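Visitor: Each chain is listed here by its residues.
2 protein chains.
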Amino acid sequence: MPRRRIHTACVPGSFTAEEAETAARMFKALGDPVRLRLFSAVASHEGGEACVCDISDVGVSQPTVSHHLKKLKEAGLLTSERRGTWVYYRVEPSALAAMGQLLSTATKAA
Amino acid sequence: MPRRRIHTACVPGSFTAEEAETAARMFKALGDPVRLRLFSAVASHEGGEACVCDISDVGVSQPTVSHHLKKLKEAGLLTSERRGTWVYYRVEPSALAAMGQLLSTATKAA
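Protein chains in written order, with our numbering: chain A, 203 to 312; chain B, 203 to 312.
Think of the hints as simulated: they come from the structure by calculation, not from any bench.
Keep in mind the model is a prediction, meaning the values are calculated, not measured.
Glycine included, each C-beta is placed from N, C-alpha and C at the ideal position.
Treat the hints with care, as some may be off.
Said to hold, decoys possible - Covered stretches of chain A, as calculated for chain B (at least 3 residues, CB under 8 Å):
#, segment
1, 219 to 233
2, 237 to 250
3, 298 to 308
To be verified - Here's a subset of chain A near chain B, in silico, CB distances under 10 Å, partners left out:
#, residue
4, G261
5, L279
6, R292
7, V293
8, E294
9, P295
10, A311
11, A312
Could you put together the complete structure from these sequences and hints?
Guide: Pasting the structure below:
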């Protein structure tokens, strides 16, 4: 049985190539259990922000925490602000919009 | 100024180590622009399912599409069913629950 022809616009889903690059970079950054838990820790911390001093007991050293927080920031998932001795990280809302767009489409489909 | 002591339960966010492993595997699978667009294509395709024949023009060869769809399945993001000549893929709802849990926490924080 021949397959019905589909519209080209539907084929790559709702992502442009550029949007896919940006979102993929974010997903890749979360593709590590430690980084995922750190992101979650920042997101769920009181006031929506946390510094290394707040999340130093995830099971890795403080320099490792700092390293991963920087990676999350580079991927566009977190923003940071230095206040006194500490750098405070918080979730970047536009990152959630990009990832949420995908999950929203997928939730409707599932 | 000394930092206020925080509750240990808050520290790693809302993920157990096992949940973090599972979700990180899913995020990692989506950490590639082509796979991300394929996942989105399956999710947004009519009826919530698609086969390789439906999504062969994302800009990569059909064997590459097949390869990536298998990777998405291995990560728990898609399920598959063979019907006649074609294997049909659809989004695995429990995958969305795991990823949605994180984004939901993060959305409240942002």
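Visitor: How about the segment 237 to 250 of chain A: do at least three of its residues have a C-beta closer than 8 Å to a C-beta of chain B?
Guide: holds (count 13)
Visitor: Does A/A312 pass the interface check with chain B, least Cβ-Cβ distance below 10 Å?
Guide: holds, 4 Å
Visitor: Using the nearest Cβ pair, does A/R292 come within less than 10 Å of chain B?
Guide: Given a least distance of 7 Å, the restraint on A/R292 holds.
Visitor: Restraint: A/P295 near chain B, CB-CB cut 10 Å. Satisfied or not?
Guide: Hint on A/P295: holds, closest Cβ of chain B at ~4 Å, below 10 Å.
Visitor: Against chain B, run the beta carbon of A/A311 and see if the smallest gap drops under 10 Å.
Guide: For A/A311, the interface hint holds, since the closest Cβ of chain B sits about 4 Å away, which is under 10 Å.
Visitor: Would the hint on A/V293 be counted as holding, given a Cβ-Cβ threshold of 10 Å to chain B?
Guide: With a closest approach of 4 Å, the A/V293 hint holds.
Visitor: Is the listed coverage of the segment 298 to 308 of chain A by chain B valid when you require three or more residues with a beta carbon under 8 Å from a beta carbon of that chain?
Guide: Three-residue rule met by the segment 298 to 308 of chain A, so holds; n is 7.
Visitor: Would the stated hint for A/E294 survive a check requiring a Cβ distance to chain B of less than 10 Å?
Guide: holds, 7 Å
Visitor: Checking hints one by one. Is A/L279 an interface residue toward chain B, by the C-beta closer than 10 Å rule?
Guide: holds, 9 Å
Visitor: Does the closest beta carbon of chain B sit nearer than 10 Å to the beta carbon of A/G261?
Guide: With Cβ-Cβ at 8 Å, under 10 Å, it holds.
Visitor: Taking 8 Å as the Cβ threshold, is the statement that the segment 219 to 233 of chain A is covered by chain B upheld or broken by the three-residue rule?
Guide: holds (count 11)
Consistency note: the structure conflicts with none of the earlier hints.
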